[in-house]
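Peer 1: Now for the letters of each chain:
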Amino acid sequence: MDWMKFFSALLIIAMIIFLFPRAKEMLKNSPKASSNDLLAVLIPLILVIGFVFLLMKSV
Amino acid sequence: MNRSVEFTQSQTAILETNKVLKNTYALLSLTLLFSALTAFISMQMQMPGFMPLVSTFGALGLIWFVLPRTANSAAGIGVVFGITGLLGFGLGPMLNQYLQMANGGQLIMTSLGGTGVIFLALSGYALTSRRDFSFMGGMLVVGMVLVLITMLANIFMQIPALSLALSAVIILIMSGFILYDTSRIINGGERNYIMATVGLYLSLFNIFVNLLALLGFASGDD
Chain A
1 MDWMKFFSAL LIIAMIIFLF PRAKEMLKNS PKASSNDLLA VLIPLILVIG FVFLLMKSV
Chain B
1 MNRSVEFTQS QTAILETNKV LKNTYALLSL TLLFSALTAF ISMQMQMPGF MPLVSTFGAL
61 GLIWFVLPRT ANSAAGIGVV FGITGLLGFG LGPMLNQYLQ MANGGQLIMT SLGGTGVIFL
121 ALSGYALTSR RDFSFMGGML VVGMVLVLIT MLANIFMQIP ALSLALSAVI ILIMSGFILY
181 DTSRIINGGE RNYIMATVGL YLSLFNIFVN LLALLGFASG DD
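Sequence lines, in order, name chains A and B. With my numbering, the residue at position 38 of the first sequence is 38, and numbering never jumps. With my numbering, the residue at position 14 of the second sequence is 14, and numbering never jumps.
In case anyone wonders, no lab produced these hints; they're calculated from the structure. The C-beta atom is built at its ideal place from N, Cα and C for all residues, glycine as well. Please note: incorrect hints may appear among the correct ones.
Claimed, not checked - Examples of chain A residues toward chain B, derived with CB under 8 Å:
hint, residue
1, Ala-9
2, Ile-17
3, Phe-18
4, Leu-19
5, Lys-32
6, Asp-37
7, Leu-39
8, Val-41
9, Leu-42
10, Pro-44
11, Leu-45
12, Phe-51
13, Met-56
Unchecked claim - Which stretches of chain B does chain A cover? Using the computed rule of at least three CB atoms under 8 Å from a CB of chain A, they are:
hint, stretch
14, 27-36
15, 183-195
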């Protein structure tokens, strides 16, 4: 029995159990996004992807 | 008379927001330094490979069971240092492993610098645009749950490409959390600088660890 795998799985299950009710509640109560809002988020995240890609190329 | 009252109330709200921001960034700076110190100690002590697991269990225990009870008191500051110290301590074995690579030092410094740039850029954007990113909360937490489920499966499937894809997705989700958390502070959704600090720290920690994994793969691929 690989104890590291077992305890890693246990840790992840604990995190899922903790986060799941929060995820349900937040999905229900979060305000709806407009297309402008989504664009305002997508552009910086695309830049983050580009920056990470640049860093990967540089090493 | 009503206008001057409204103006005073608005000024008070702005002052309160600035105070929360100032305290959050001050505590974040201190906890990052403390985390780096505990990581260094862990590296020097050559802690064994299971240490990250033990540290993470400890840190999560503090976050879930102790922090909610102490976040409104001075004891919460000690708890935050406990959380960040434990997570930093858990980094030791991983950092020692990377240092055994030929360009390990460079990878770690690049990850540190990259994490810093991502944090500064996203925080700067959230602070200057003053946009309300509260709509992201549900999506981000659901995304995190899906990532955790995939990670759970990959513990047993052991697919390297999937691990890398998960690292990339985690970096994106944590970047989203930086926008979300910073926006909550500015727009009054988060008034507790201790909780705000823990949220931002966890985002930074996860970006650093997963960026290091991606850079380690990119370096080994040459």
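Peer 1: Given Lys-32 of chain A as an interface hint, is the shortest Cβ-Cβ distance to chain B below 8 Å?
Peer 2: It holds, given that the least Cβ distance between Lys-32 of chain A and chain B is near 6 Å, below 8 Å.
Peer 1: So, Ala-9 of chain A near chain B? Judge it on the closest CB pair being under 8 Å.
Peer 2: Cβ of Ala-9 of chain A sits 5 Å from chain B, so the hint holds.
Peer 1: So, as I understand it, the hint says Pro-44 of chain A touches chain B; can you test that by seeing if any CB pair is closer than 8 Å?
Peer 2: 6 Å, holds
Peer 1: Taking the least C-beta to C-beta distance, is Val-41 of chain A closer than 8 Å to chain B?
Peer 2: Holds: closest Cβ of chain B sits about 6 Å from Val-41 of chain A, inside 8 Å.
Peer 1: Hold the hint about Phe-51 of chain A up to the distance rule: shortest CB distance to chain B must be less than 8 Å.
Peer 2: Cβ of Phe-51 of chain A sits 7 Å from chain B, so the hint holds.
Peer 1: Can the hint on Phe-18 of chain A be confirmed by a CB-to-CB distance to chain B that is less than 8 Å?
Peer 2: Because about 6 Å separates Phe-18 of chain A from the closest Cβ in chain B, which is inside the 8 Å limit, the hint holds.
Peer 1: At a threshold of 8 Å, is the proposed contact between Asp-37 of chain A and chain B supported by beta-carbon distances?
Peer 2: Constraint on Asp-37 of chain A satisfied, holds at 6 Å.
Peer 1: Tell me if the interface restraint on Leu-19 of chain A is satisfied: Cβ within less than 8 Å of some Cβ in chain B.
Peer 2: Holds. Min distance 5 Å.
Peer 1: Can you verify the interface hint for Leu-42 of chain A: is its Cβ closer than 8 Å to any Cβ in chain B?
Peer 2: Violated. Min distance 10 Å.
Peer 1: Hint check: is the beta carbon of Leu-45 of chain A less than 8 Å from a beta carbon of chain B?
Peer 2: This hint holds: Leu-45 of chain A lies near chain B, its Cβ roughly 6 Å from the closest one there, short of 8 Å.
Peer 1: Do the numbers back the hint for Leu-39 of chain A, that is, is its least Cβ distance to chain B under 8 Å?
Peer 2: 11 Å, violated
Peer 1: At a Cβ distance under 8 Å, does chain A reach at least three residues of the stretch 27-36 of chain B?
Peer 2: n = 0 at 8 Å, threshold three: violated.
Hint check: violations occur at hints 2, 7, 9, 14 and 15; the rest are consistent with the structure.
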